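Undergrad: This is what each chain is made of:
Number of protein chains: 2
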Amino acid sequence: MKALAIDLGGTHATCAVVEDRSILASEVVTTDGKTGLKPSLPGIATSLKKLLEKTGVKASDCAGLAFSFCAMVDSRTTRILSTNQKYDDARDLDLQRWTKSELGIRLRLENDARMALLGEFYAGAARGYSDVVMITLGTGIGGAAMIDGRLLRGKHAQAGCLGGHIPADFEGHACTCGAIGCTEAEASGWAIPIVARERPGYASSRLAKEPAITFEAIFRLAEEKDPVAQALRDRCLKVWASGTVGLIHSFDPEIVVIGGGVMKSAHIIQPFVQAYVEKHAWTPWGKVKVRAAELGNNAGLLGAVPLLTESI
Amino acid sequence: MKALAIDLGGTHATCAVVEDRSILASEVVTTDGKTGLKPSLPGIATSLKKLLEKTGVKASDCAGLAFSFCAMVDSRTTRILSTNQKYDDARDLDLQRWTKSELGIRLRLENDARMALLGEFYAGAARGYSDVVMITLGTGIGGAAMIDGRLLRGKHAQAGCLGGHIPADFEGHACTCGAIGCTEAEASGWAIPIVARERPGYASSRLAKEPAITFEAIFRLAEEKDPVAQALRDRCLKVWASGTVGLIHSFDPEIVVIGGGVMKSAHIIQPFVQAYVEKHAWTPWGKVKVRAAELGNNAGLLGAVPLLTESI
Numbered sequence: 012m013k014a015l016a017i018d019l020g021g022t023h024a025t026c027a028v029v030e031d032r033s034i035l036a037s038e039v040v041t042t043d044g045k046t047g048l049k050p051s052l053p054g055i056a057t058s059l060k061k062l063l064e065k066t067g068v069k070a071s072d073c074a075g076l077a078f079s080f081c082a083m084v085d086s087r088t089t090r091i092l093s094t095n096q097k098y099d100d101a102r103d104l105d106l107q108r109w110t111k112s113e114l115g116i117r118l119r120l121e122n123d124a125r126m127a128l129l130g131e132f133y134a135g136a137a138r139g140y141s142d143v144v145m146i147t148l149g150t151g152i153g154g155a156a157m158i159d160g161r162l163l164r165g166k167h168a169q170a171g172c173l174g175g176h177i178p179a180d181f182e183g184h185a186c187t188c189g190a191i192g193c194t195e196a197e198a199s200g201w202a203i204p205i206v207a208r209e210r211p212g213y214a215s216s217r218l219a220k221e222p223a224i225t226f227e228a229i230f231r232l233a234e235e236k237d238p239v240a241q242a243l244r245d246r247c248l249k250v251w252a253s254g255t256v257g258l259i260h261s262f263d264p265e266i267v268v269i270g271g272g273v274m275k276s277a278h279i280i281q282p283f284v285q286a287y288v289e290k291h292a293w294t295p296w297g298k299v300k301v302r303a304a305e306l307g308n309n310a311g312l313l314g315a316v317p318l319l320t321e322s323i
Numbered sequence: 012m013k014a015l016a017i018d019l020g021g022t023h024a025t026c027a028v029v030e031d032r033s034i035l036a037s038e039v040v041t042t043d044g045k046t047g048l049k050p051s052l053p054g055i056a057t058s059l060k061k062l063l064e065k066t067g068v069k070a071s072d073c074a075g076l077a078f079s080f081c082a083m084v085d086s087r088t089t090r091i092l093s094t095n096q097k098y099d100d101a102r103d104l105d106l107q108r109w110t111k112s113e114l115g116i117r118l119r120l121e122n123d124a125r126m127a128l129l130g131e132f133y134a135g136a137a138r139g140y141s142d143v144v145m146i147t148l149g150t151g152i153g154g155a156a157m158i159d160g161r162l163l164r165g166k167h168a169q170a171g172c173l174g175g176h177i178p179a180d181f182e183g184h185a186c187t188c189g190a191i192g193c194t195e196a197e198a199s200g201w202a203i204p205i206v207a208r209e210r211p212g213y214a215s216s217r218l219a220k221e222p223a224i225t226f227e228a229i230f231r232l233a234e235e236k237d238p239v240a241q242a243l244r245d246r247c248l249k250v251w252a253s254g255t256v257g258l259i260h261s262f263d264p265e266i267v268v269i270g271g272g273v274m275k276s277a278h279i280i281q282p283f284v285q286a287y288v289e290k291h292a293w294t295p296w297g298k299v300k301v302r303a304a305e306l307g308n309n310a311g312l313l314g315a316v317p318l319l320t321e322s323i
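Protein sequence lines, in the order shown, are assigned to chains A and B.
Heads up: the first sequence begins at 12 in our numbering, then just goes up one per residue.
Heads up: the second sequence begins at 12 in our numbering, then just goes up one per residue.
Bound conformation, chain A alone:
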């Protein structure tokens, strides 16, 4: 089965033509979450048409357009429910009409972490499993849950997809979502500079001399035995691992897949979380597998075929 796919992030959209578990062609279009989605739509449409031409695929041969969106999305009604400081105009855009008029095919929208889960389930680390939790560690923390081969969506389409917004510390930092001490507020890309600056010894640490407080810098300096970076890294590992136990206790998966940009340090994160889960999760049936995502930035695109063939 062929499909068109868009994976929209905060600063770019990846457009693609996919066939089953392969990406036939893809292209990145620059976007800007702050100014909104509307100004980027013409460029996205042009890119998709170019990719169709390049691959010799007709739009009418595609099962539809699968649109992975970095927001709370109701795929059943093709509506964007809530944005969080990115593409805030998207709630008022009629993307179904846009897809129909530009490409003549149907649209299905879904949240980006759910799309990553579908991709990993169909073509990546979760192949062969029916009960899956996905965690994406990046600027924010995303989550998604699949039970018995079906994405968990819930009454208002937000079940499972706020995995980054489960409190890890009931007295922790304020989160952009409005809650307190979410895993995202304690150990995400946007939160880590706030957490780092509170750390005793930060001002005189090597981290303070970096151009920016990033996970890349923290993991690099921790390897080099900088004590502040080590303490921060270890704290993040604990937050992620504790959050993973919470998601296991909530959704009862066989496997947890961890993706996102921070997984450049998968060789440290995966074994830590796996060991923590084996020690601390209450799963009398056996051991939950913890795996690094395999598809990287392609996961959301490869979720296209399972999304478009899903009956909901």
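Keep in mind that the hints were calculated from the coordinates and are not lab data.
Note that this is a predicted model, so its numbers are computed, not measured.
Just so you know, not all the hints are guaranteed correct.
As the list makes no split between identical chains, a pair holds if one copy fits it or if it spans any two.
Computed list of lysine-lysine pairs in DSS-like fashion (alpha-carbon distance at most 25 Å, straight line) [stated by the list, open to error]:
{"hint": "1", "residue 1": "Lys45", "residue 2": "Lys300"}
{"hint": "2", "residue 1": "Lys298", "residue 2": "Lys166"}
{"hint": "3", "residue 1": "Lys166", "residue 2": "Lys275"}
{"hint": "4", "residue 1": "Lys166", "residue 2": "Lys290"}
{"hint": "5", "residue 1": "Lys166", "residue 2": "Lys300"}
{"hint": "6", "residue 1": "Lys69", "residue 2": "Lys13"}
{"hint": "7", "residue 1": "Lys275", "residue 2": "Lys220"}
{"hint": "8", "residue 1": "Lys111", "residue 2": "Lys13"}
{"hint": "9", "residue 1": "Lys111", "residue 2": "Lys49"}
{"hint": "10", "residue 1": "Lys13", "residue 2": "Lys65"}
{"hint": "11", "residue 1": "Lys49", "residue 2": "Lys61"}
{"hint": "12", "residue 1": "Lys249", "residue 2": "Lys275"}
{"hint": "13", "residue 1": "Lys300", "residue 2": "Lys290"}
Fit chain B to the supplied structure of chain A, relying on the hints for placement.
TA: Chain B only, in chain A's frame:
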């Protein structure tokens, strides 16, 4: 529809004959979680037969026996999966055979928090809602989730039912379940003496002079402005409210029902959690209702008819 019901707690089993939303007759039988379930089975069978006689109901007129059990249960296979220091012998008992031979009817087992949810959904605070989270605050903390009118069970029957075992503090207290900082380990009946004794000023507080550190004592002394009791009460309220936000973010309910023995202080707990949820939960569709359970100890018994009529 008529049914037999057993609600098993740590120190007693309530046996009942129910008809739809009414309890026709019930009786409490003393049990002992530490010595196991087997020694109590004859007394339970005698009690159920006596109740049948008293109400003039024949066992064969009952849709079955619904057994609410304080453990991890797979109702699909009628198996007890994991006990936590209560009735540890129950995993090896053939309760289906026992029910058939004593009463000649079928058995369905379910976890006690799930049964309380079913009861409140069918006859109590959650009537008319299809998407429900139940929290039971007591010696332990139980949880259960219903999505689209169906109990969430998951691959290994533990989805949704470990709501008390979501970490509230990733660096918190060790929990009996093996995890760290669970809401149960921070703010349940068994945990609160541990947390209280660590509190600055505890040794010279009025709480230290009580015969036991209980929620009853803490809420009473907090009303009387004892500063240690006030700090403990406020900490518990925050743990429960933060945990509730996490469950809302996980399961996307319309309503959260809070039950359990601690809800003797419902007049303080319900408004606090409702206000916290309104302030901190990310629910763009509207406001989640937070309600005190209405059925008290009858909730598990009144879950009998929905359990026995559920298709799974």
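Undergrad: Which of the numbered hints above does this structure break?
TA: 1 and 3
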